[in-house]
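Protein sequences, first through last, are from chains A and B.
Quick note: the first sequence uses the working numbering, first residue 1498, plus one each step.
Quick note: the second sequence uses the working numbering, first residue 225, plus one each step.
No lab work stands behind these hints, which were simulated from the structure alone.
Because the structure is a prediction, the values reported are computed rather than measured.
Beta carbons are placed, not taken as given, at the ideal position from N, Cα and C, and that holds for glycine.
One thing to keep in mind: the hints can contain errors.
[What the hints assert, rightly or not] Covered by chain B, per the in silico footprint, the following chain A stretches (three or more residues, Cβ under 8 angstroms):
hint : region
1    : 1598–1612
2    : 1630–1636
[To be verified] Each pair of labels, with its calculated beta carbon distance range:
hint : chain 1 : residue 1 : chain 2 : residue 2 : range
3    : A       : A1634     : B       : E400      : 44 to 50 angstroms
4    : A       : G1515     : B       : M225      : 48 to 54 angstroms
5    : A       : R1768     : B       : R238      : 54 to 60 angstroms
6    : A       : S1717     : B       : Y235      : 43 to 49 angstroms
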Amino acid sequence: MTTTTAPTAVPTGARITGPRVVRAEWIKFRSLRSSLIMLAATVVVFDALGLGFSAFLADATIEPGTPAPPGGPSSLDPLGASLGGVNLAQLLIATLGVLLTAGEYATGMIRTSLAAVPRRWPVLTAKIAVLAGVSLAVLLPTVLLTFLGGQAVLGDKGIALGDDGVLRAVLGTAVYLAGIGVLGAALGSLLRTTAGALTSVVALLLVVPGVVSLLPESWSEAISPYLPSNAGQAFMSLGGDPNLLSPQAGAAVFVGWLLALVGAALIRLLRRDA
Amino acid sequence: MIEARDLSKRYGDRLAVDSLTFTVAPGVVTGFLGPNGAGKSTTMRMILGLDAPTGGTVRVNGRRYAEHRDPLRQIGALLEAKAVHTGRSARDHLLALGATHGIGRRRVDEVIDLVGLREVAGKRAGGFSLGMGQRLGIAAALLGDPAVVMLDEPVNGLDPDGIRWIRGLLRGLAAEGRTVFVSSHLMSEMAQTADHLIVVGRGRLLADVSLAEFTRQASRTTVRVRSPQAAALRDLLAGPDVTITGGEPGLLEVSGLRREVIGDRAAAAGLTLHELTATEASLEEAFMTMTRDAVEYAGATAGETR
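Construct all of the structure, not just a fragment, from the sequences and the given hints.
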């Protein structure tokens, strides 16, 4: 029957390079239905909720600063309402990140990936680069259009992109969401199980902030601003909230969280058997 | 070429691989034979750098696997445990794998045709039968046209047609001068494909011999002799190189003497024979005997150290 003696189409320069590993991760990303579904869900949820909260605030009987409906922004102002989908959208994009990494462990694909690139670290860094790049490419226009749509719904109550700090908050929201996707990918790689990583994401983003707020005030004030969700809130809002860090400090703390988690994931990847 | 030197792997209390030293040479099919749990898969994972050895080294084509810049050109492997994302099509799986080395669609389509998966290449691998999954794994192993092909239990789940196909494939790969390293827990399978055998049991090396030599050692002939005067016959046949066992009254199992010699001696002494049959021990029996000894040995030492 078949033998392999025929000349093959393997190019003579076939070897590993950084861009090639990135390309391989891009093929992996686009060839999974789950990645595309989670990314689309993130966009739809962010957009729909932002427009919905804006319409809620546009109602004449509601004054700015009114407590938001459940699941909404912490307070209703024109910026927070139009970007209010971030709370739910972050869970969807975190799930995307978890599926990309933990999914390889669940299916055994990781053994193929690491046998092809035995130095290992390029696999995870390329995966995170693809996830961050695709997320930003999709989310920057999504967040911008949702903000503009929300302000249009708000009419006279709306604010302009050129107002102080608004553009930074809008771009910051897209960066935050992409960052939460990376956080999910890092936890998925670190914990190697989809369920464990998703539980950790929910704990870190939703449960821990709630628990910290129950601590004595001196403790909670010292810890709370440094949690990833609150550090993100610092650069996604206009600033001036005494419970949050400055936008610059918030961004630095948020990036610090991502570097720490990705670093831990890389160390575990290099040290442990696959 | 694969060279393992004192290769060991310990999981907690258990020594899964115990100081294995062997060389897998190019140009022949080398069978890696041992019962389930003998450490074959662990050894193969260490060759690929997926598991780190707790002792010793293993080199592929002269270097540690991770030091190669083109690992898919050096060694293509099919692992026993599945290593494919169930949500991805066979073609996308191979495209992503090849992309790490700049290997493109033409080569992917070549290996898809080679393993006979063209019809289903666009379907999600999660829906594949065990046999189709094995074929996809073999396609991945051949993708980089590697110098070493290493397959862990490749015939698992293949139908008779597939088994025949893979035997021909392995022979063809070896004839091209490649190193072919194939594990199995079935002696009968290895007897049909391998030129050389590396036999392990409980993580230890039991034999590193050519198939011809293994067969010669194994096929020690036993002669069944039935006689109403068995006791007298036993005395007559006894000698330094002769082993005689008797399972039931009137029956002797004689090894070390040819059938003709036994018949002639019985006739000369006037003893009656009811049966005189030569039986060759099968390779499977020889393999079972060899690995059973290893298991008993390991059990005994474990008991002594406690």
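For this session: Using the Cβ atoms, figure out if A:A1634 sits within 44 to 50 angstroms of B:E400.
Result: The hint (44 to 50 angstroms, Cβ to Cβ) holds, given that A:A1634 and B:E400 are roughly 45 angstroms apart.
Exercise. Does the Cβ-Cβ separation between A:R1768 and B:R238 fall within 54 to 60 angstroms?
Worked result: violated, 21 angstroms
Exercise. How about the region 1630–1636 of chain A: do at least three of its residues have a C-beta closer than 8 angstroms to a C-beta of chain B?
Worked result: violated (count 0)
Exercise. Between A:G1515 and B:M225, is the Cβ distance one that fits in 48 to 54 angstroms?
Worked result: violated, 29 angstroms
For this session: May I ask you to test the hint 43 to 49 angstroms on the CB atoms belonging to A:S1717 and B:Y235?
Result: The hint (43 to 49 angstroms, Cβ to Cβ) holds, given that A:S1717 and B:Y235 are roughly 44 angstroms apart.
Problem set entry | Annotated coverage of the region 1598–1612 of chain A by chain B, confirmed only when three residues or more have a Cβ within 8 angstroms | holds (count 10)
Hint violations for this structure: numbers 2, 4 and 5, all remaining hints satisfied.
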